[in-house]
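Student: My request is simple: use the sequences and hints to build the entire structure.
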Amino acid sequence: MRSRQAWGKSGGLEGRLTGTDRSGLRATSLDSTTARSDPRRTCVGCRRVDSRSALVRVVSDVDAEGGLALIVDTRRRLPGRGLWLHPDPDCLASAVRRRAFGRALRLSGQPDLADVTAYVEAQQGGTQHPYRHHQHHHQGGLDADEHPMSTQQ
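Going from the sequence shown to this note's numbering is simple: count from 1 and add 807.
No wet-lab data here; the hints were simulated from the structure. Predicted, not measured: the structure shown is a model, and the values here were computed from it. The beta-carbon is built from N, C-alpha and C at its ideal position, and this holds for glycine as well. This list has only true hints and no planted wrong ones.
Computed beta-carbon distance windows for the label pairs:
hint, residue 1, residue 2, range
1, Pro886, Gly916, 12 to 22 Å
2, Arg913, Asp857, 14 to 24 Å
3, Leu914, Ser844, 28 to 38 Å
4, Arg904, Val856, 14 to 24 Å
5, Ser844, Ser915, 29 to 39 Å
6, Pro896, Gln917, 16 to 26 Å
7, Val903, Ser844, 27 to 37 Å
Tutor: Written as structure tokens, this is what we have:
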């Protein structure tokens, strides 16, 4: 649906046609410079909205002892509910103080923050992150030691 424009003596439209939103009520600009190409996320520490590239994704997982642990998802591909955090000690401290990790991930207990803390400290030092990477351990298929179609167990 287009907004109505006045016709001039030359027979063309005077002014520029603008699109409307889905409801057809508000006119929106057709200018492509106003569109954001980078997804926006909210930091759980400072609550500021920033581009996804400026934040790090954190997910929860069960550690070796059966407790809850937070894992830094550097590739942003791990399954499950995630939260976003600036790799800044102030944002981390604020999130811990407000208990934002459990609330954002819908956890009932207090998770282990060792990986997240190590990642934030490594980012502050300007070094590559020395923390352990999360790896899924599969016992079948291509990740097994034997041929994937082997019948011997």
